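**Q** Sequence:
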Amino acid sequence: MIYSMTMTTSSFRLGPEFTPAAVRKLMIYTLCMSIGSVFFNPFFTQIFGIPGPQEWFSLSWWGLQHYLLWQPFTYLFIHPIGYGGIGFSYFIGLIFNLYILWVMGSEICQRINEKSFTRFYLICGIISGIAILFFMPVIGQYAVLTGPVSSIIAILIIWAFLNPEQELLLFFLLPVKAKWLSLGILGVALLVSISGLQFISFFHYFFGAVSGYLYGLIIWGIHSPFPFMYKTELAIIRASQKVRQQILRKKSTSKSKVVNIQTGEPDDDEAFVDSILEKISKYGESSLSFSERKRMKAISEKKSKY
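Residue numbers are given in UniProt numbering: position 34 of the sequence shown equals residue 34, and the series is strictly consecutive.
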């Protein structure tokens, strides 16, 4: 077990002093949907003989084929029951995921911001879930995806990158730096999964780590604490910035340019204004069409804002 403990002169606690609203909401949604689906699922499957909430809100090919398009989002809030039904291990797994979300998620949330953290949590989980779905036919294993494992792993990676030198107590005894502990946990999880040929679990951890790492690097500019990765990370950041600039340039171009009917080439605002002024000088203002007048008005209003 891993413990992040804080000692003060008057108190001892196992979590953060302040819990951001975004983290609190994610915890409440996960707890309510997980417990609710477990409670109501038997009524649908055993009494009515139809799929229950676990099938509705988990992510599966069956669900997407039946147009349950919310599943890539809702599966993050459903903790799996397992073949043996609900038991002690169910609550241990649920509590552990909520604890990681509470402790590490709260710190990330405070250092970034609540909206960005929520977006990060959902995007990493959704991307990982969809990626696992598309790998199922490749590996020949099909399963129903439930739980926020991928998002929790993404949180673990980002938290370790933000606090690489912070020491945690492993089993209350061994102080281990966060950067090594996160790699150790991920490595053990991947090794256990692959050794048992549990490829679905393997991809849960793998895509969670990769999505968290790339999101933190590209969106937030958070580097890993390992110097040998800096050149590669810098290349990734530069490539992502170029792509982003091209997208923004295309957006601004589409807003500020229209296609010239005669040449088929885009006309920017300055060229358009010059051509209109030349037309007015030759034929007078009455020669302008309705669309030309409308665009001139729009350009005038846009320039007045600056």
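Keep in mind the hints are simulated off the structure, nothing from the lab. Since the model is a prediction, treat every value here as computed from it, not as a measurement. Think of the CB as a built atom: it goes at the ideal place given N, C-alpha and C, for glycine as much as any other residue. Among the clues, some could well be false.
Stated by the list, open to error - Restraint ranges, calculated between C-beta atoms of paired labels, are given here:
hint	residue 1	residue 2	range
1	GLU167	GLN246	18 to 28 Å
2	ARG293	PRO51	25 to 35 Å
3	ILE236	PRO164	10 to 20 Å
4	ARG111	PRO175	54 to 64 Å
5	LYS231	TRP62	21 to 31 Å
6	PHE73	GLU278	33 to 43 Å
7	ILE236	ILE299	37 to 47 Å
8	GLN65	PRO175	29 to 39 Å
9	ILE299	GLN241	24 to 34 Å
10	TRP220	GLU278	47 to 57 Å
11	ILE194	ILE123	19 to 29 Å
12	ILE200	LYS294	51 to 61 Å
13	PHE43	TYR67	32 to 42 Å
**Q** State, for the Cβ atoms of ILE200 and LYS294, whether the hinted interval 51 to 61 Å holds or is violated.
**A** The hint (51 to 61 Å, Cβ to Cβ) holds, given that ILE200 and LYS294 are roughly 56 Å apart.
**Q** Can you tell me whether the CB distance of ILE194 to ILE123 sits inside 19 to 29 Å?
**A** About 26 Å separates the Cβ atoms of ILE194 and ILE123, which means 19 to 29 Å holds.
**Q** Just tell me: holds or violated, for the beta carbon distance of PHE43 and TYR67 against 32 to 42 Å?
**A** 23 Å, violated
**Q** Just tell me: holds or violated, for the beta carbon distance of ARG293 and PRO51 against 25 to 35 Å?
**A** 59 Å, violated
**Q** Is 33 to 43 Å right for how far apart the beta carbons of PHE73 and GLU278 are?
**A** 54 Å, violated
**Q** Would you say the C-beta atoms of ILE236 and PRO164 sit inside 10 to 20 Å of each other?
**A** Taking Cβ atoms as reference, ILE236 and PRO164 lie about 19 Å apart, which means the hint holds.
**Q** Hint says 37 to 47 Å; check whether the CB-CB distance for ILE236 and ILE299 agrees.
**A** Given a distance of about 39 Å, which is inside 37 to 47 Å, the answer is holds.
**Q** Can you let me know if the beta-carbon spacing of LYS231 and TRP62 is within 21 to 31 Å?
**A** With a Cβ separation near 44 Å, LYS231 and TRP62 fall outside 21 to 31 Å, so the hint is violated.
**Q** Regarding ARG111 and PRO175, is the given constraint of 54 to 64 Å on their beta-carbon distance met?
**A** Once the Cβ atoms are compared, 23 Å apart, the range 54 to 64 Å for PRO175 and ARG111 is violated.
**Q** Quick check: does the Cβ-Cβ distance between ILE299 and GLN241 fall within 24 to 34 Å?
**A** Check passed, 30 Å falls within 24 to 34 Å.
**Q** How does the Cβ-Cβ distance of GLU167 and GLN246 compare with 18 to 28 Å: does it lie in that range?
**A** At 43 Å between Cβs, range violated.
**Q** Given the range 29 to 39 Å, decide if the beta-carbon distance of GLN65 to PRO175 lies inside it.
**A** 50 Å, violated
In summary, the numbered hints that this structure violates are 1, 2, 4, 5, 6, 8 and 13.
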